[in-house]
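So you can see what is in the structure, the chains are spelled out below.
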Amino acid sequence: MSDMKQILENAMKTAQKLGAQNARASYSHAQSLSVSWRKNKIENMASSGESQLWMALYVDGKYGNYSTSDIRPESIDAFIEKCIAMTRLLEPEPARTLADPERYKDRYGEDLEIYDPAVAALTPNDAIEFCKKLEELALQHTEMPITDVTASYEFGSSESFMATTNGFAGDRKSTYAAASVEIALTDGEKKPSDYGYTQKRFVGDMRTAEDIVAEAIRFLAYRRSSQKLASKNRTLVFDRRVASSMIAKYLQPLFGGSLVMKQSYFIDKVGQKLASDLLDLHDEPWLKRGLSSRTYDSDGMSCKPATIFEKGTLKQYMLDVYSANKLSLTPTTGNLTNLVLTPGKRSLDEMIADVKDGIYVTSILGGNQDNVRGDFSHGISGVAIENGKLTQNIAEMNMTGNHTDLWKRLVEVGNDPREDSSYRIPSLRIDDVSVSGT
Amino acid sequence: MNRRDFIATSAMAAAALPLFGCKSKQKEVQEMPVATPETPVAQPLTACNDYFCKNFGVTQAMIDKVLAKALSRGGQWGELFFEHTRSGSVQLLDGKVSSSSATIHLGMGVRCVMDDQVGFAFTESLTLEDMMRAAEAAAAIAPGTDAGKVDPRKVREFKQWYDINYNWDLLDIAKAVSLIQSIDKKTRAKDESIVQVIVNLGWVQRTIMVNTSDGFNAEDSQPYFTLRLNVVMQRGDEKQSNYSSIGELNSFESLTEARVDEVINKAVEDTRILFEAVKPKGGEWPVVLGNGASGILLHEAIGHGLEADFNRKELSIFSSKMNQKVASEEVTICDSGLIENSRGALNVDDEGTPTQRTVLVDKGVLRSYLHDKISAKHYGVEPTGSGRRESFKNFPIPRMRVTYMENGPHEFDELIKNVKYGIFCRKFLNGQVEIGQGDYTFYVKNGYLIEDGKLTAPIKDINIIGNGPDTLSKITMVANDMSYDNGTWTCGKAGQGVPVSLGMPSVLVSAITVGGV
Chain V
1 MSDMKQILEN
11 AMKTAQKLGA
21 QNARASYSHA
31 QSLSVSWRKN
41 KIENMASSGE
51 SQLWMALYVD
61 GKYGNYSTSD
71 IRPESIDAFI
81 EKCIAMTRLL
91 EPEPARTLAD
101 PERYKDRYGE
111 DLEIYDPAVA
121 ALTPNDAIEF
131 CKKLEELALQ
141 HTEMPITDVT
151 ASYEFGSSES
161 FMATTNGFAG
171 DRKSTYAAAS
181 VEIALTDGEK
191 KPSDYGYTQK
201 RFVGDMRTAE
211 DIVAEAIRFL
221 AYRRSSQKLA
231 SKNRTLVFDR
241 RVASSMIAKY
251 LQPLFGGSLV
261 MKQSYFIDKV
271 GQKLASDLLD
281 LHDEPWLKRG
291 LSSRTYDSDG
301 MSCKPATIFE
311 KGTLKQYMLD
321 VYSANKLSLT
331 PTTGNLTNLV
341 LTPGKRSLDE
351 MIADVKDGIY
361 VTSILGGNQD
371 NVRGDFSHGI
381 SGVAIENGKL
391 TQNIAEMNMT
401 GNHTDLWKRL
411 VEVGNDPRED
421 SSYRIPSLRI
431 DDVSVSGT
Chain P
1001 MNRRDFIATS
1011 AMAAAALPLF
1021 GCKSKQKEVQ
1031 EMPVATPETP
1041 VAQPLTACND
1051 YFCKNFGVTQ
1061 AMIDKVLAKA
1071 LSRGGQWGEL
1081 FFEHTRSGSV
1091 QLLDGKVSSS
1101 SATIHLGMGV
1111 RCVMDDQVGF
1121 AFTESLTLED
1131 MMRAAEAAAA
1141 IAPGTDAGKV
1151 DPRKVREFKQ
1161 WYDINYNWDL
1171 LDIAKAVSLI
1181 QSIDKKTRAK
1191 DESIVQVIVN
1201 LGWVQRTIMV
1211 NTSDGFNAED
1221 SQPYFTLRLN
1231 VVMQRGDEKQ
1241 SNYSSIGELN
1251 SFESLTEARV
1261 DEVINKAVED
1271 TRILFEAVKP
1281 KGGEWPVVLG
1291 NGASGILLHE
1301 AIGHGLEADF
1311 NRKELSIFSS
1321 KMNQKVASEE
1331 VTICDSGLIE
1341 NSRGALNVDD
1351 EGTPTQRTVL
1361 VDKGVLRSYL
1371 HDKISAKHYG
1381 VEPTGSGRRE
1391 SFKNFPIPRM
1401 RVTYMENGPH
1411 EFDELIKNVK
1421 YGIFCRKFLN
1431 GQVEIGQGDY
1441 TFYVKNGYLI
1451 EDGKLTAPIK
1461 DINIIGNGPD
1471 TLSKITMVAN
1481 DMSYDNGTWT
1491 CGKAGQGVPV
1501 SLGMPSVLVS
1511 AITVGGV
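Chains as they are written, first to last, in this note's numbering: chain V, 1 to 438; chain P, 1001 to 1517.
There are no misleading hints in this set.
List time: in silico PhoX-like cross-link candidates among lysine-lysine, alpha-carbon distance up to 20 Å:
#1 1377/P x 41/V
#2 1185/P x 262/V
#3 1281/P x 232/V
#4 1065/P x 1154/P
#5 1175/P x 82/V
#6 315/V x 304/V
#7 1377/P x 39/V
#8 1190/P x 262/V
In short, the hints are calculated from the structure, not lab data. This structure is a prediction, so every number in the text was calculated from the model and none was measured.
Work the whole structure out from these sequences, hints included.
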């Protein structure tokens, strides 16, 4: 798309003409179509096409970042002029710089396989047919008092260009296709629901409708006739669905933004053993067809595979150029891509079979954490585990603890990472967690 | 993916997950006359009249053509939604105002409706050709029969709950810079143990126009701002952080010195007290919710469940409870757009319907859902002005505005005296609810233990989880100290965030599950 490149080049020139010594700019265009299907007809169908011009401007040692979807040439010029005037009113911040051009080198050269031409050929009818199938399959589950099935399908593509005034130029193109089903049933006065989904770069890699419905039905069964258990410390086995969310919560203050704000329990912890040996976490930007695969990050630095935790020892922060400058450290990258936790040997069922008294956690509801100290508290639901067997469904309970000691009690990692997610985190077993109920 | 909705504040800088943040302070205003009719500026909306024509050349003739195209395949009704949003922010960190941002969103969305079926498309280009293309895509939901009817234009007038003539886009940035510099200095002077101060002033000037196929043109311009202050303190090796914020539909000038000082004092005091905080024992305890921000309980425990889209589809735990007693007679719950300058105020919703005060629960009896036009037609009632959307890129769905409970008969002290062991909560970060199951949570940043009828040790960082109808039935006492909260709340549903607010008198709930150790 040469006119996209042209818009980008013009914007950079205008910014420099108007007084920005340096700039980084990107232009992106994305389009998508989504269909939601319910009661044997389309519930809604939405098509979208959106563009954005984004610029980081460095003016007299000062910094601002700006974006607009109004790309009429006269609007862009007026916008940049206003942004430069706004930036001039700030205070200088020497930490705001472009990346060292050395870091633009050695970019991964092979095809990441994140663009599927077959996605461009999809039609609304393909989406509808898949939704119909999801609905039909779900309604075959007459063993459950199903009251509602909502199926959805979405696909899209995006393209972006990025350039800097110190020599970076890059572009990428990607596609995705996703489908999901949400099924609700009657459970006394309650109407619990659960879902199954798939999301892939290539339409041919999507899981089958049978698989998606089976996933929803399996988790829906865990929501029937749920009760609270008594409050006490228990072993928690996190299904892979929620395991990735637990890891994401733990890593939240590992990013430069938190460190610079002094709101992080990871400050001065690189090189220290903070978690059990099983926490072996890697960032893998070059995975073929990976949902977050990429060759350069948002500063333009070339992405490289990285070790975040090695056998429980923290190996690096997630630092973009600004945060690294602020902290007088070398930038790593500000963007996690595909996060891979080294899988264990055993299946989820085998993990559960070993637990005497615990909870298989299938859903986390709300809650939050204190990134300075690590205290957290979240709602959970799932199934009680007694002597290795799943027994009573449970809901409306809270788990409460502190991330700085929780991960020392990570005692098993399953063999079941999910490929529908950027976070390829298998099921996890963590012992001795405070769980409140009655 | 799952049918869950949440509310979150935006006071802590975003990290890896979008849900995190914090917010809010209790507004110490007493005796808000919530039950009496409000007295707004009663005048027709004229200030943004023809904004999209004057600035972007969108004429009435173009609107008529695009609307006709949207219904050309037999759609029953529809609308065009134009939006020009200019937002910006300045941020202070490490004592320096060292970053700014600005964003422009311009575009329009077209919706075509057949009963409960929606066709939708949007464009970021306001040329006739691109708008016609969007209308054609939206029209495809209809069966291809004769064209639907587009009525002649009428201007829809409504009252104003905020100043539509104010324009944050014209803000003198130098004033904003000096305001946040002064906040930093004053904050640091409060306590020697402060090691970091982050101040952010952000604004969103959202100018919209809705043109409905039944003939209404409505325009509005909404001046949102948020002021957020984060503080980190360190004593020895121990660090604590907290925040305070204001979010309103109001002017820069509304940030008076007194109001700013209140934000500073709250942020500093609420951080200091965390050094003494303990964790409660986990389990089911009586919970006293303080006035103001505790409206988060209503938002999660009942508000989302009463959004009519979930009910017309019978997906909500409240679907079968209309006109039934759901709470004690002390409980009256409303959702209103008519709260002057509140972050949840609205002059007109995003479907072009003037907003209103909707009584959801009247003296304990469930009386109304929150309707958009689709659900109102389904139930044969008038829409409640609750059809909202994040931007022109989304179609509207029923949403909350300012959700609050009216005063009850009790004194605050009576509530506390009634509790042998329990907790008192007054500052919150976020909440979430599962619509069908009814389970909800909210996260407490500051509170106290209640022991033998007295407030004792401070508590922090605790999640509370309950079930909506169950909790409502357990509200045993409602105090007479109702106040609105003016925090920076944003409500998320179906991937769309909209600004909302809350209000609450103090209440006693006899039992909810409290996270603890």
